[in-house]
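Use these hints to put chains B and C onto chain A, whose structure you have.
Here the protein sequences come in this chain order: A, B and C. Heads up, the first sequence is in our numbering, so the first residue is 1 and it goes up one at a time. Heads up, the second sequence is in our numbering, so the first residue is 1 and it goes up one at a time. Heads up, the third sequence is in our numbering, so the first residue is 1 and it goes up one at a time.
Derived by calculation from the structure, the hints in this document are not laboratory data. A virtual CB, placed ideally from N, CA and C, is assigned to each residue, including glycine. There could be a bad hint or two in this list.
To be verified - What follows is a set of in silico ranges between Cβ atoms, one per label pair, in the way DEER data are often shown:
(1) A:R193 / C:Q166: 56 to 64 Å
(2) A:P138 / B:L34: 16 to 24 Å
(3) C:G7 / B:E154: 49 to 57 Å
(4) C:P105 / A:F192: 48 to 56 Å
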Amino acid sequence: MSTPVLTQAGAPTGVPASARRRPRVGPGLGLGLAVLYLSLIVLFPLTVVAWKGVEGGAGAFWSAVTTPDSWAALKLTLGASALVAVINVVMGTLIAWVLVRDRFPGKALVDTLIDLPFALPTIVAGLVLLVLYGVKSPLHLNLAYTRAGVVIALLFVTLPFVVRTVQPVLQELDRDMEQAAFSLGAGPWLTFRRIILPNLVPAMVSGAGLAFTRAIAEFGSTVLLSGNLPFKTQVAAVNIFGRIESDDTASAAAVSTALLIVAFAVLIGLDLVQRWGSRRG
Amino acid sequence: MAKYLLRAIALLYLLFLLILPVGLIVWQTFGDGLQNVIDALTSEEAIHAFQVTLQVAIWAVVLNTVFGVGVALLLTRTNFPGKRLLNALIDLPLAVSPVVVGLALILAYGRYSTVGGWLENAGIQVIFSIPGMVLATVFVSLPLVVRAIVPVLEEMGDDQEQAARTLGAGGWQTFRRITLPGIRSALGYGIVLCLARALGEYGAVAVVSGKVVGETQTLTLFVEERYLNYEVPAAFAAATVLALLAVGSLLLTTLLRPKDGN
Amino acid sequence: MAIEVRGVSKSFGRTPVLKDVSVDIVSGSLTALLGPSGGGKSTLLRVIAGLEVPDAGNVLISGVDATRLSPQRRNVGFVFQHYAAFKHLSVRRNVAFGLEIRKRPKAEIRARVDELLQLVHLEQFADRYPAQLSGGQRQRMALARALAVEPQVLLLDEPFGALDAQVRKELRTWLRRLHDEVHVTTVFVTHDQEEAMDVADEIVVLADGEVKQAGRPQDLYDNPASPFVMSFLGPVTELGGRLVRPHDIDVTAESVEGSTAAVVNRVVHLGFEVRVELTAGDRDVWAQITRGAAGRLGLQPGDTVHLRPVPAAKSLAAADA
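With the rest of the complex left out, here is chain A:
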């Protein structure tokens, strides 16, 4: 819908009655500046990467992406991220449940700490995990330079997503629904499975999707813990970084473009899922 302000020169004949009653401020100059800012910082650079990634044609793009080390890194990244998304669905929902339905001393503190991975610099996240799960692990659990270490790092940085998407839904969930199910003869487990869970699924899916896109993009937390062994623990972002450092920006752009495509596909998928969900809801 376009506003009369945009058409300039104020021809009042075409102005709908509703717009006259509620005059809206025109976007004008502010919109121009905002678009310019967004373009200079985000859109132009990303377009250049994508362009650089595909400018040699599909064949060149494909061969850059499938060089053995990049291909291994992409496979590891996607596999580990999928695993992390699944673990997050289970643990994130469980944590959200405990935060909403349980009461214990220190709950408010735990609730606050959930967001720590968002606030903590990723390099620090990697370092703190290395202290507990590295060579000198006080638990005698050395995950440094292993794929398990990569998964732990990704679990750390993606912890809040599912918790924070499921928690508000659980809070808003009509408790009467559960009582209605009880009075209709359903036990606690049946009520959870047939009444509560279906209402949480959209939030769980969107939390898992966000965790997945974050995980495939992750760099800082895996740098120290994974040891960046090509073909073993090197994730895609680290692979791209190595190519930038060796001035191979063309293939770095190709792998970056592959990552961007996956991320956008997931986000568009999530949007579709949400729209499908809200149509019913």
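Relative to chain A, chains B and C alone:
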């Protein structure tokens, strides 16, 4: 019974993934005495890294706050073609790997790019210097202020603003006296989030800064460099500072977060 | 199936909500739990359903002590004020839920659900989701869902509370008719005396966690046990130190035996009924008279008239502080 089992699982998971690691590094940092920490943090490079970090973060926060408030107002108070697209594009940076952000900026504004060439001729170096690091930091923290205040602006509606207009207030007066007080705590929340992200950015800055010790090294880069050079106490000390800043910003956001039912 | 509530007490924290409440609900009756909000009526209903456990006392359903029985074993139908619709299930699946839990054969479920949807006039909405229904339709769906499992008793918590006035009245009549068809022992909670009188066979007045009075609607109206019940069940006014129904006041131009002089302040014409506001001595009083009577008296503000209770009027000593 099930209740205690679930609680135990949740708390153990958080303990081993989150609380023990972060607690352990703070404990190990101060384990060798406070003097070592102070020494590690007052080295010339450390102080310089602090300064660079602060400089970059402040630029990023100021720019994103102005942009954030402006765009939030555009999205909630005006109509224009392409509004949905703009709304979607705001979130774009969240889906991009920090390394890709760095690469994108190098390709767009580096010395060998067209635009970078012009800037170089004009005597402006973007990549491997502060402007590029500011760009990278702005990129990664761009949606935070917008997303913090849009819901509050939406909920507030424009009734109060229209009332102010009918009482004779101009655009700026309405913004300063009606809109701004209404979004104050949400704006504070967004700014703290943005600041925390800016202080802690590592990947994108690692790519565009060139990691020049004593010049473009930020605190996060300092942590990495010291750790890789086996100066573990210095790395731990700086990491602890960053962790404490993160915890501090968390506590601040808890205070500022729009509360339910308020 | 009769319900007996014996000496039930319940506190939330330190606040007593039910104090030694005993109620007998006759099998097959339609009973209203009536009272002001916070009076304990919803809690009593939830105790009967097993959604709350009483601190003391027993609940017997069909003579069997059900006090410690969990809600899923009580076989009661419960209808919530805000419907508690299962948002992710269609109308049909909502109604079928209790039968599916009981693992009834598919064909039987289908037949029973169709029958119930017809009963509540929702057959053409079977495949919609709750979000696509109006409030009244959702409430009818909730009712069908509760009836599907053939409960021994049907409990409704402020069933029409969230609906607008017009729909409320329709559903009220409809509930009465439904009850006459299904004959299941039904208890509903309401704070609306008109609703209780309109629908119920029996009314239990609950306030401050106590049963104030129980009985047939007309008995309660005509023979209230206390000023509270009298004023809760209908309009009252005070004349000569006693509480009287305003329609039980005779207004005459001349002084008669036992009458009190009063000055007219305002005459409000409400169609058939006319509301006269007066001052008798230093007290405000009002009378409800017919249009014809008002016309004959030709009342004007400032007129002095004479008031007295009609001979058969029920009155109670005003509980003046």
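Provide an ascending list of the numbers of those earlier hints which the structure does not satisfy.
-> 1 and 4
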